[in-house]
Every structure is written in structure tokens, then in C-alpha cells.
Amino acid sequence: MAVIIFLPFLAAAFTFLVYPFLKEKTAHFAALVALLCSILILNLIGTTGSISIPLVSSLDIHLRFYVDGLSILVGLLASGMGILTFIYSFGYMQTKAQSPTYYASLLVFMGSMLGIVFSADLIILFVFWELTSLSSYLLIGYFNDEPSSRSAAKKALVITSIGGFFMLLGFLLIHSITGSFDLTFLLSQPESIQSLLRTHGVFLPILFAIIIAGASKSAQIPFHTWLPSAMVAPTPVSAFLHSAAMVKAGVYIIGRFHPILAGDEWSLILITIGIATMTITAFFAVISTTIKELLAYSTASHIGLILIGFGIPITLSGVPSSLSFVSGSFHLLNHALFKAALFFIAGIVTCQVGVNAISEVKGLWKKLPLTAGFAIFASLCMAGIPLTSGFYSKELLFQGVYAVANNYGGIWWLLPILTILASAFAVVYSLRFIMIFLGTPFPHQQDISPPPLSMILPTFVLILFSLLTIIYPSLVIDLISQSESLYFQRSSILHIEFPRHVSPPLLMSLSSILLGIILFSKIEQILKSISSILSFKHFNIDSIYSSTLSALETWSSILTSKTERILMRTHIIWLLWTLGTLALASFLYSRPAFLMIYDPLLRFDFLVVLLIISIGAMAVVRANSHIMGVLFLSLLGFMIAVFYLLSNAPDVALTQLVVETIILVVFLVIIGKLPAYYGETSPSRVIRDVFLSLFIGITIFFTVITATASSASKDIATFFIDKASYPPISAENIIVDYGGGTNIVNVILVDFRALDTLGEISVVALAALSILTILSSRKPGDSS
Amino acid sequence: MTTLITRTVARIVAPLIFVTAAVLFIQGHNSIGGGFISAVLIVSAIALLYIAYGTSDLTRLLNISPSNFNRKILVSGLLLILFTGTIPILFNMPFLTQAFLILPPLPFIGVLKISGTIFFDLGVLFTVTGSLLSILSGVSR
Chain A
8 MAVIIFLPFL AAAFTFLVYP FLKEKTAHFA ALVALLCSIL ILNLIGTTGS ISIPLVSSLD
68 IHLRFYVDGL SILVGLLASG MGILTFIYSF GYMQTKAQSP TYYASLLVFM GSMLGIVFSA
128 DLIILFVFWE LTSLSSYLLI GYFNDEPSSR SAAKKALVIT SIGGFFMLLG FLLIHSITGS
188 FDLTFLLSQP ESIQSLLRTH GVFLPILFAI IIAGASKSAQ IPFHTWLPSA MVAPTPVSAF
248 LHSAAMVKAG VYIIGRFHPI LAGDEWSLIL ITIGIATMTI TAFFAVISTT IKELLAYSTA
308 SHIGLILIGF GIPITLSGVP SSLSFVSGSF HLLNHALFKA ALFFIAGIVT CQVGVNAISE
368 VKGLWKKLPL TAGFAIFASL CMAGIPLTSG FYSKELLFQG VYAVANNYGG IWWLLPILTI
428 LASAFAVVYS LRFIMIFLGT PFPHQQDISP PPLSMILPTF VLILFSLLTI IYPSLVIDLI
488 SQSESLYFQR SSILHIEFPR HVSPPLLMSL SSILLGIILF SKIEQILKSI SSILSFKHFN
548 IDSIYSSTLS ALETWSSILT SKTERILMRT HIIWLLWTLG TLALASFLYS RPAFLMIYDP
608 LLRFDFLVVL LIISIGAMAV VRANSHIMGV LFLSLLGFMI AVFYLLSNAP DVALTQLVVE
668 TIILVVFLVI IGKLPAYYGE TSPSRVIRDV FLSLFIGITI FFTVITATAS SASKDIATFF
728 IDKASYPPIS AENIIVDYGG GTNIVNVILV DFRALDTLGE ISVVALAALS ILTILSSRKP
788 GDSS
Chain B
242 MTTLITRTVA RIVAPLIFVT AAVLFIQGHN SIGGGFISAV LIVSAIALLY IAYGTSDLTR
302 LLNISPSNFN RKILVSGLLL ILFTGTIPIL FNMPFLTQAF LILPPLPFIG VLKISGTIFF
362 DLGVLFTVTG SLLSILSGVS R
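Chains as they are written, first to last, in the numbering used here: chain A, 8 to 791; chain B, 242 to 382.
One should not assume that every hint holds.
With beta-carbon atoms standing in for the labels, derived distance ranges [to be verified]: (1) B:Val-260 to A:Val-770: 40 to 50 angstroms; (2) B:Val-260 to A:Leu-595: 28 to 38 angstroms; (3) A:Ile-677 to B:Val-260: 25 to 35 angstroms; (4) B:Gln-268 to A:Arg-610: 26 to 36 angstroms.
Derived by calculation from the structure, the hints in this document are not laboratory data.
The beta carbon of each residue, even a glycine, is placed where N, CA and C say it ideally should be.
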């Protein structure tokens, strides 16, 4: 189980090793990894359950994994689309700048996607969630020579991180009330968890947080703006991230929390967001100018439809309805299949024809007959024409929407009307997509070579799967219902078949198709009139985003110039005063026990060391050059090492000795670049410094005596002494419980407290990197 | 700074420090030593060589770009810990669980044990060496 998630990450690390040998064939290596993951997931079909591996037991963070129908569905989607994307990349990247980073980030993305889908611990889920944001940042900005790529990558990162922040907030709220990060536990009794959250008054905040997280990842209004910008990414990335995986992570998280959070507020918010996004972005898709922009907006629109599906109340007029979960999940799969195929086709068109704009290309069917066939089929699915996969899932959603309107009445009738409108728009943009393949070709587009097999094959496989869901829709439905019935403890198998009698949903489908065709016949006039009267592309979320960002940049630079234009020593003085005051205030507040050891038999050698230290300290103050000061300072350090040695701590003494040496070297190197003598010091500055040092001395004194007073319990010491070394008797050769070392301190460092040590050396590494950054950002001659 | 005496001393002392660092690293589990201290020792030896021979000479001699190389050492140390720490998870044990293996008695050497912590300590060594070397070469530039 854990293997499935770690495999892509391990493979990502190996990418850099195999790339020099495989070159562009690295795509095949990555595809193989994805295939392995898919096989492992296929193995899980029909199983539900969870496993748990403690990670940081003291913080209740476990590596918990959870398997059910929804996670298998999205997991298969991610890994299966991964295979196809890597195969497609082989063909697509032939003409582009190659780098192992591309394959590595795609693999990391796939791994984190599987991590989101299968993890049952909220903290682990959050970590993987952020990992998808980071890897998609690398992938969107892959062509990092172009400013548009960089700004699009930044936009996606900023917007999805806002969502991630809200998600963490929601998770922490959940934990503060229920005391658990365990999704398995939360999902085992959704109703009681919901009522618990409601009684504590945190239900609505959590609801908002989770929905904002999902909406930002899924590019829903008002967060939709990153998706069209992200189209600067390589097309396989768009197909993978922006149709099948990344945007579906948002939908997944909403589907995952559906059982816990579903209610009136849930339905209201989701349906509002969904309907707004679906209608508005569908309209944007109709008027968009490039092929990928059309696909991006239509993706946002379809996900809006899926969210409406998840928002349909689970009980309508007292009758439980399983429409909500199943229709949403079913459309999720169908959409991924046809939209990824369309992205692949768009990639073929841009690669083989070399144009992006919709108006500059038509009549490709003669040169690319196979691609044209696939494109027409996939577009018909997107439009929801009867007998295609899109039709079935839309039919379910129409049914749900109609039921909602019928149940609540009044303003809710807007819902089916807007759905019909958005579906009509879907028909229009699908027809626009088809039109680039039909008609007579432009005369200058004659020399078009057929796409390589590696690009046409993945498209074919997607079309094949779409056909499969048309012929056996129940296959998918069963898989989803398996998880759904688990939550609601009732068997609800929906049957999908072609409608044989006239029903409201069928009428909705037909009327939307009819309206779409009528609109399409007038498309030229519509586009012309829109472009003449509306320049509203300037007034949209995009401009709000960019103006907010630039305002933040301006403010922070103003703030920095106000606060940072002072000397380094002023910074340090304020830092030390604050630190000391806070420490002493905390001692005053908590009044801890002090421990003053008065030993009448103070050892003579200690006294000698103390004397040398005092003399050295005074010499540091009196030193009249940097070199003398530093040398006396290191005398102090070496004396402290002697003190450690005398107190039977040779380990610490040795460390202190060597570290002191290194510090001395670094100091001497820096001093070489400074003026040789101190300037004149004013009396006021001397007084200020004396008071500060006295204050810090007092703080340290109290800190030491309180720290020595609070000794840890004896149990820990005996535990370490017992366990650090060898077990008394052991039959086994491999021993896990014991440390196997006689240097207890070191065994604690590398074994019992290894996580702390990892944290410490990470801090060391970060400090080194920040010092490097500061040093390299200094301009020559900069004195501060 | 680079007199003949300094160079000669450095040439003799630096290898001795390297050997000492290796000994301290290996014996770290049972007596004085460990990854951190041998890292600092290694850095001090390299600092000695820098002082004696100058950074540019040493760079030409070893044919490496120091800042890049140092950062690679740093990152590889952290990655080593992450990867070896993940292995126990595959056996359903917590992240960073350590184990040791007692080998059957060997002729002339006797009973040996190998502890998994050696990888962790090696990671510490790499990270600390890389960090300190980066700082050193950063400030001396």
C-alpha cells in the first residue's frame, strides 16, 4: 500500500540518474513506473479498509492509508493518465527543450496525487496537497525562459496555496473538536461528527475552509483565473494536471468530506459556486480565442457541474437520494477521459500545424483523419450528445438538478435554467472545437505530417475507455456505489440506461442541444458584437489578482524601507532587549523553582578556569582591535571546553573545541575585510551597551538556575540507560528495540531522538543556505 | 599567509585530521565521536588547506567548483537521511526507526555489529560538512 505512493517519489529521484543514459526515453521509464502503480491499484479493487503506520506518535501523526471506491477511482485516474501522459510526452517533447526535471516533477506530482487520494491522515493529506501545488508550479513554469510561464506558475502557486492554508485551518479546527486527524475514524460516524461540530459552532468555518480549498484547486469562481493562465505549460502537463489530476484533487477533497459536511449549507454553497462557475466559464470558453484557452475554461465549467452534483442534497423531500455522490463521481471520470483526449488532440494540432488560435486553422480532417475522428467523438462527449458518455452523466446531473428545483421551488428553478444555458454553451464550444477539423483547409496549411504514434496512441486509449463507459456504464457506477453505500449504510445501485420515455432530464438535454446549435449558427455575429461592446476582460478576477499582488509588493517594500534602513547593531540591540524581557517576564509570571547549588568544596581547578575566563572576558572588552577581541573571545571558548573536560563530558568538550576553532577561522576571514581599528566610542553608547550586557547576563543567570532546578524524571534516564546498549539475551540477529551502542548520548542522538537531530541539522543546512543568500545578494561596496 | 612552514605543516596535519575524523565517526556509537564532530573536524582540515594553499589553488587542484559542490554535499546528506529513514515505513515501523545487526563471529576480528544508524550519522556528517563549507567559502569569497 505504502509502496504505491513511495514508488513515484523514488522513481523521481532515479530519473536524474537514468536520464544521462536514456535521454528522451526517460519517458518510457516513467510510464513503466506509472503502469506499476496502476497495476497495484487495480489489485485493490473490491477492497476497503485502512492501515496505519505511526510516524510521529507523540503528535498523533500517523501514516494512515485508506482505500475505498472513490479513492480507487481517482487513484486509477491519476496513475492511468500518468502512463498515457508519459507516452505522449515522448512524442511531444521531441521538439522541445528536454530536461530530467520535467519527468521528475511529473512523477512527484503523480505520487503526491496518489498520496492525497489514499492517505487517511489529515496532516499527511495536507502535505501531499501542498506537494501537488509545488510540483505543478515547476511544471507550469517549465518553459521558464518566458515571463508568461513564470507569472502563470506563480499565480497557480499563490492561489492554490491560499486554498491549502484554508484547508490546514479546517483540519486543525476538526482536530481541536474531535481530537483526531484520522479520516477513517471521522468517516466511520459522519452524522455524529457533524452534530458534534455543530454544537461547538465550528461547523460553518470548517465547511468554508474545506470548500475554499477544493474550489481553489479546482479553479472555481473566484479562483478560476489560474487555470487559463496555466495553459502556457507543455500540453501533456495540461492534459494531466488540468483535466485529470490537479483539478480533480479539489473535487476529490469535496467528495471525501461530503459525508461529514453534507447538509443545507453545504448544498447552498456548493450549488452557488458550481452554477456561477459553470455558466460564466462556459461563456468564456465560447468567446475564447485559442484552443487551449477554450479547453481550460470548459474544464472549469465542467467541474462546476460536478460540484453541483456533489451539492445535491442527500435527502429530497424525505427520500434518500444517491444522485449526489454518484452523479458527481461519474461525471468526474467521464470528463477526465474526454477532456484529456481533447488536450492531447490540441497538443497534436499545435505540434503538427504550429498554430494556437482557433480562427487560424480549419479543415484538418484531410491531413489528420484519425485525429479528426477522435476529436469529433470527444467533442460530442463534451457536448453531451445522446449516446455518448457525457450524455449519461449529464442526464444524472440534470435529474438531480430537476429534483432540487422541483423540491424547493421558487428561485431554485433558476438552477435547471442556468444548467441548460451552460450546457448550450458547452454545445457551442464543442462545435467550435470540431470546426477546426471540418471544412476546407487554408491553402497555406498543406504540409502537415501525421503525428507520431506515441502521440496518437494515448488519445486512442482514452477514446477507447470513453467507449467502454458508454457500453458498460454500470461498471464505474458499481465501483463508486461501493464506497457510497459504505458511508450511508444503504445499498443504492443506480442503473443507467438510455431513456426510453420522455422525462424532464431528457427534455433538458434536448433543449440545451437545440439552443446550442442555434447559438452556434449565429456565432460570428455573437463574437463580433461581444468584442465591439465589451472590453470586460479587463475587469475580471485576473486584474484583481494582479493588482492585489502588486499592492502587496509595494506595501512590503515601503514597510521594509521604513524599518530596515538601520544599522545591524540596532537590530541586534532590539532583539536582545526583547528576548531578555520576554524571558524574565515569563519567569516572573510562572515563578519556577530556583536551584542554587552552593558547594563548599568548590574544586580548585574549576576556580582556575573561572579566573582565566573572567580575565579573558575583561580583555575582550578592553581589546583595541578586532583581531585581539576575537582571539580573547576564542580563549573564552577554549576555556569552556576545558571546563567540560573537567566535568567528565569529553564528548561535549571535543565538540566545543573543534567548533571554536572553526568559528575562529570564520571570524578571522571576515576581519580581513574590515577596518583594523575601532572608531571612537561615545560615552552614551558605552553606557547603553553596559546596561544591555548586564541585562542579558541577568537573564542568562536566571535561565540557568531555573533550568537546573527542573530536572527530568528519573524514568527517562533509566529507559535510555537500559535501552541504549545491548539486550540482555536475544535470539535474533536484527535488533530494533535496543540501540546497540555504549555511548548513550550518541545513541540518543541518532536513534531515540533521531527526528530531533534531523530537525537540528535541517536548521544548520537552512542557516548555511540563508548565509549564502545574504552574502550573494550583497552588492560590492555595500557597507551594511 | 602561505609560507613554506604553513604549507608543510598543513600537508602533514590535514591527512592526520582526516584519519582522526574517520576514527571518531566509526567509533561514535560506542565512545567519543559521531557524525557532527567528524564533520567539523573535516571542515577544519579543509580550512587549514584553504589557509595554506588559498582557495583558488585548491579549487584548481581538486577540479571542483566549491560552492556548487558544497551545496550538493549538504543536500545529499539530508536526502540520505530521508531515504534511509523511510525504509522502516515499508516494514510498518515508524519513520527513522533504527536497528542493528550482530554478525556471526569472524576469524581474527571477533563479533561485529552493524548499526543502521551509520546511515543517519553519515547523513548528519554530509549535511554539517556541506553547510560549514558553504559558509566558509561564502565568507571568504
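Going down the list of hints, with the structure as the test:
For Val-260 of chain B and Val-770 of chain A, the hinted distance range of 40 to 50 angstroms is not satisfied, since their beta carbons lie about 30 angstroms from each other. Distance hint check: the CB atoms of Val-260 of chain B and Leu-595 of chain A are about 53 angstroms apart, inconsistent with the given range 28 to 38 angstroms. A beta carbon spacing of about 30 angstroms between Ile-677 of chain A and Val-260 of chain B agrees with the range 25 to 35 angstroms that was offered as a hint. As the Cβ distance of Gln-268 of chain B to Arg-610 of chain A is approximately 29 angstroms, the hint placing it in 26 to 36 angstroms holds.
Hints 1 and 2 from the list above are not met by this structure, while the remaining hints are.
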